[in-house]
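A.B. asks: Sequence:
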Amino acid sequence: MTYPPSGGTPDPYQPAQPYGQSSDPTTPYNAAPDPISGQPGGYPPPTSGQPYGQPPPYGQPPYGQPGPYGQPVYVQTPGTNTMAILALVFAFIFAPVSIILGHIAKKQIRQSGEQGDGLATAGLWLGYIFTGLMVLVCIGYGIIIAFAVSNSSSTY
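Each residue of the sequence shown is one higher than the one before, counting from 0 in numbering that gives the first Met the number 0.
Treat the hints as calculated values from the structure; they're not laboratory data.
Note that this is a predicted model, so its numbers are computed, not measured.
Think of the CB as a built atom: it goes at the ideal place given N, C-alpha and C, for glycine as much as any other residue.
Careful, some of the hints might be misleading.
What the hints assert, rightly or not - Between beta-carbon pairs, the in silico distance windows are:
(1) GLY139 - VAL74: 21 to 27 Å
(2) ALA145 - THR76: 43 to 49 Å
(3) GLY139 - GLY78: 39 to 45 Å
(4) VAL88 - GLY131: 15 to 21 Å
(5) PHE146 - GLN114: 45 to 51 Å
(6) LEU132 - TYR73: 15 to 21 Å
(7) ARG109 - MET133: 51 to 57 Å
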């Protein structure tokens with residue numbers, strides 16, 4: 000009987016043969032030379048300059064030598080403007096300061112190219128809104144106090 004059985008289908012009770020292994024159990028695995036490189040065993044020739052079978056060197060290359068992809072490029076992107084962050088924070092703490100910080104931040108961002116223009120704009124808007132609300136509340140208190148004083152009786 001021949002292996003695999005005639006008919007083209009492998010025997011379902013036999014384990015599958017690994018890729019590249021002959022169906023003849025007496026032939027060692029990958030003993031035939033590779034048709035592309037001509038190396039015995041079908042392995043490609045070593046390309047790293049290391050002796051065949053040795054692992055490649057690990058770790059970083061010595062100082063001053065570029066790695067396999069060249070030297071890394073470090074690009075510093077401008078950060079977020081600190082005044083813009085403070086403008087947004089102070090909009091909730093003390094709004095008039097937020098207006099001042101927001102204008103300073105927008106000027107610095109135009110000059111330096113930093114990020115944070117949206118934060119400065121939000122700080123300005125909130126600063127103006129909360130300052131306006133604070134002024135309206137103070138005027139309302141003044142009206143209430145004036146009304147209370149004018150209607151109070153001073154007959155003691």
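A.B. asks: Hints first: check each against the structure and report whether it holds.
C.D. replies: Results of checking the hints against the structure:
1. In this structure the hint that GLY139 and VAL74 lie 21 to 27 Å apart at CB is violated, the actual value being about 54 Å.
2. For the pair ALA145 and THR76, the beta carbons lie near 56 Å from each other, so the given range of 43 to 49 Å is not met.
3. Look at GLY139 against GLY78: about 42 Å separates their beta carbons, and that is inside 39 to 45 Å.
4. The hint said 15 to 21 Å for the Cβ distance between VAL88 and GLY131, and at roughly 19 Å that hint holds.
5. A hinted range of 45 to 51 Å holds for the C-beta pair PHE146 and GLN114, which are about 50 Å apart.
6. Distance hint for LEU132 and TYR73: a CB-CB separation of about 47 Å, inconsistent with the stated range 15 to 21 Å.
7. At roughly 29 Å, the beta carbons of ARG109 and MET133 sit outside the given window of 51 to 57 Å.
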